[in-house]
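Colleague: Make a model of the complete structure from these sequences and hints.
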Amino acid sequence: MLLLQSVFNGISVSSVLLIAALGLAIIFGLMGVINLAHGEFIMLGAYATFAVQSGFKAVLGESGLSLYIIFALPVAFIVTALVGLALERSVIRFLYGRPLDTLLATWGFSLILRQFVRSVDWSLFIGIAVFCLLFFGGLAILRRRLDGQQTRKGANTILLLLSLGIAIVTRVLLGQTDATALTKPWFSARNVDVTAPNWLQGGVPIGSFQFPFARLFIIALTIVCVVATYWFLQRSRWGLRIRAVTQNRSMSACLGIPTRKVDALTFALGSGLAGIAGCAITLLGSVGPNIGQNYIVDTFMVVVVGGVGNLVGTIVAALAIGTLTYLIGSGMFALLLTPVEALNPLADFFTFFATTSMAKVMVFALIIAFLQFRPSGIFPPKGRTAES
Amino acid sequence: MLYGSAGLGTSLLLKACAGNESANTAQSQGNSQTQQAASSSGSGDTIKVGILHSLTGTMAISETTLVDAEKLAIKQINEAGGVLGKQIEPIVEDGASDWPTFAEKASKLIEQNNVATVFGCWTSASRKAVLPVFESKNHMLWYPVQYEGQECSKNVFYTGAAPNQQIQPAVNWMLENEGKQFYLIGSDYVFPRTANTIVKQQLQAKGGEVVGEDYIPLGSTEVTPLITKIRAALPNGGVIFNTLNGDSNAAFFKQLQGAGLGPDKYPVMSSSIAEVEVKQIGAEYLQGHYAAWNYFMTVDNPKNQQWVDAFKAEYGEDRLTNDPMESAYNMVYLWKQSAEKAGIAENLEKVRSAAYGQTLQKAPQGKVTMNPNHHASQLVRIGRVREDGLFEIVNATDSTVEPEPWNEFVPATQGYACNWSDSNKGEKYKVKGT
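Here the protein sequences come in this chain order: A and Z.
At position 107 of the first sequence (counting the first as 1) the number is 107 in my numbering, and the numbers step up by one without a gap.
At position 258 of the second sequence (counting the first as 1) the number is 258 in my numbering, and the numbers step up by one without a gap.
You may find that some hints are simply not true.
As the list claims (entries may be wrong) - Partial pick of chain Z residues on the chain A-facing surface, computed with a CB cut under 7 angstroms:
1. Asp188
2. Gly207
3. Pro217
4. Thr224
5. Thr228
Bear in mind the hints are in silico, worked out from the structure with no lab data behind them.
These numbers were taken from a predicted model, which means no experiment stands behind them.
C-beta: ideal position from N, C-alpha, C; glycine also.
Modeller: This is the structure we're talking about:
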C-alpha cells in the first residue's frame, strides 16, 4: 500500500515536471535557445484555459464547466504556439548561435508577457492590432513599390515611427473614453480562479489513500504529449527535417531543407507544448501573471540533467528528480531506513531533510554533484553535433 | 526587416508600459479628481501625507487594495472638511515590492515632500527596511497589516492584529471545537516561523499536541510530499494550521481536496486568507475551512454596510473588502483624530501623545482603540468560508482584545510590555510581578 502510494505520488510529481519541461527540451535542447520566457508560455496557456472557461460559463452557463478542459487544451496549444511563432519570427531568428543574446531577449520578452496579461484590455489590444496592420501592411506595399536598398531602409524607419505614433494615439484616445468595456482589463494583476471540471475533482479511494483525478489526468496527458512528440520527431517528415537541421544546419540547407521554416515550426511546437503544460497546472494551483517563475528553474534543471538535445534524457531526468524530491520531502527514505538498526544515523540524516524546503536543498546538492561527474547530463549529445 | 522586428519588440514594451499606467489611473479615476482639487488649493491650505505601498511587482496585487482604502478615507475626510480645516493631499510612492526601494522612497517622502505622516507597507520585510529611516528621522509610519509581533517602535503605529489578536484566539478556538492534534504548515520565511513558535508554546501550555511541522519555499506549488506527511501524521483527521502565503495557498487547497482530505476531518485554519484570496483560489476549494481576523466583509453593522457601499461605489460593484483594507481605512481616521487633538499635524511629538487612547467608536469592525504600546485594541472573529466565498462568522469576542506586541509564549519576551506614554518604560520593559 505504502509502496503503491509512493510510486503514484512520485510519478505524479514527475509528470508535472516532465510536461512543463517538454517544450523546453525542444526549444533549448534541440534549438539551443535559452528560452527564459518558457515559464511565461506556460502562464499564457493557463490564461488561455481561464479564457475558455469564462467563455463556456458565459455561453453555456454552469453546465458548460464540465467540458471546457477538452477545448482548452487545443486552444492553449494554438495560442501559445502562435505567440511563440511571433517571437521566433520577430526576434529569435536573428539570434541563432548566440545563446547569451537569446537569454537576454527572451528574459525581456517574459517581462513584456507578464505585464501584458496584467494590463491588457480592449484599447491596448486594438492599439497593437492597429500597429501590426499599419506596419506590416505598409511593409508589404513598400516591398512591392520600392526597389533600392537605401530608400527602403529609410522608408522602413518612417513607416515604423508613423504606425507606432498612430497606434499610440489610438490607444490613448480609446483609453480616455468612458466606455469601461474598452478600458476594463481582461485579467488584471490579480490571480484568477480556474475551477477544475466536476469529473476532475475528488479521486479514486483505495484503502486510506485517494488517487486524485486531477493527477491521473495530468499523468495521462503527459504520456500522450510525450508519445505524440516522440512520434512527430522520429516518424514524421517534418520531424526528420527538424533533426537534420539540429545536427547540421548548413548541410541541411544545401540539401534543400527550408531551415527557416523548420526553425519557426520547432519553436512554435515547443511553445505550444508549454501552453498545454499551462492548461494542466491550472488543475493544481493558482493562475496569476507570475506563475511562470515557479516553474522556470525546475524545467531548466530537468533539461540540463537529462542532457541537452535528448528527449529520452528529459523523461528520465524528470522521473528521477520528481521521485527523489517526493521520497526525500515526504520522509519516505527516513521511514524505510528506520527499522534497520545499523542505518539509524542515516535515517536521522534523512529525517532532517524531510521538509519540503530542505528536500529541495538536497535535490539541488545531488544535481550539482551529479553534474560534476557528467557535465552534459544523463545522455550527453554524441560526437560532432556537440560542437556546433 | 531587422529594424522592423526590433521596433515591434520596443513598441510592445512601450505599449505595455503605457497600458500599465492607464490601468492605474483607471483604477483611481475617482480619486484623481479630488487629488487635483486638493493640490490646486495651494500648499498652504493642505496637509501632505505619504502613501507608500507596492504598486508594481509581486506584492502589488495586495498592496494596491490598501492604497484604494486609504485614498477613500482621505477623500471622505476631505469632503467632510479635512483635518484642522485643511485638505489632506496624498502623495503616493511605489515601493515596487523591493525592500531597499521602500527605504529610499520613505526618505524621499520625509525629506523632499515634508509629509506629516506616512501610511504604508505590507510585508514585514518592507517594514523592517523602512524602520531605520523612520527612527533616524524620528518620523511616523502607520502600518495596517497583521504581523508576527516582537516589535514596538516609537515611530510606528501598528493597526493590524498582533499575534494575540489573531493567531492565539484562532488556535484556542480550534483546540476547543475541532481537535487537539495540530499539523503546522507555512511558507519558509520570518512570519510563519515566528507564528509557529508561538503556536507550539501555546499548544503545549493548553494541552494540545503538534504532530508535525513543515515549511515550503515561497511560491512553491508542489505540495504532494506535504499532503502525504499530513495524512501519515493525522490518520484519523485533525487540525491543520496554515501560515502559507501567496501562490502556495491555491496549490495547497486544490491538492488537499483532490487527495480527499476534506474540512470535515481536516479543517484548515489559515492566517493569510481573506475574502480577496478566497475569490482568487475558488470558494469551492475552501468551503468549510476557517480564518481568523478582526474584520470580515460579512460583519453585520450599519457602519460596515455603509463602508462596503462607499467602497463599491468608488471602485466597482465586484470589489471586496477585507481585514487589511479595513485596518488601512481605520488608521487614516485614527491619525486624523490624533492630529486634531494635538491641534497641529506637523508636530509629531504632540500627535504621538495625542494618539494614545484615540478611539474609533464606529469603525466597520466595531470599536478600535490605539494604545500607548502603539498597537490597537480590537475585536477578534473566527470565520468559516461559505459557498459564496464570504465568511460566516462563527465566533467573535464580546469586547476588544488588548494587543501584546511582546508575546507571552515566546520565552525571550515573556513578561515584557511596551508603553511609550511613560518615558521610563518605552519600547520594552519588564512588567512587575512576573
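Colleague: If a hint holds in the structure, say so; if it doesn't, say that too.
Modeller: Comparing the hints with the structure gives:
1. Asp188: 5 angstroms, holds
2. Gly207: 26 angstroms, violated
3. Pro217: With Cβ-Cβ at 6 angstroms, under 7 angstroms, it holds.
4. Thr224: Where the cut-off is 7 angstroms and the nearest Cβ of chain A is about 5 angstroms from Thr224/Z, the hint holds.
5. Thr228: 4 angstroms, holds
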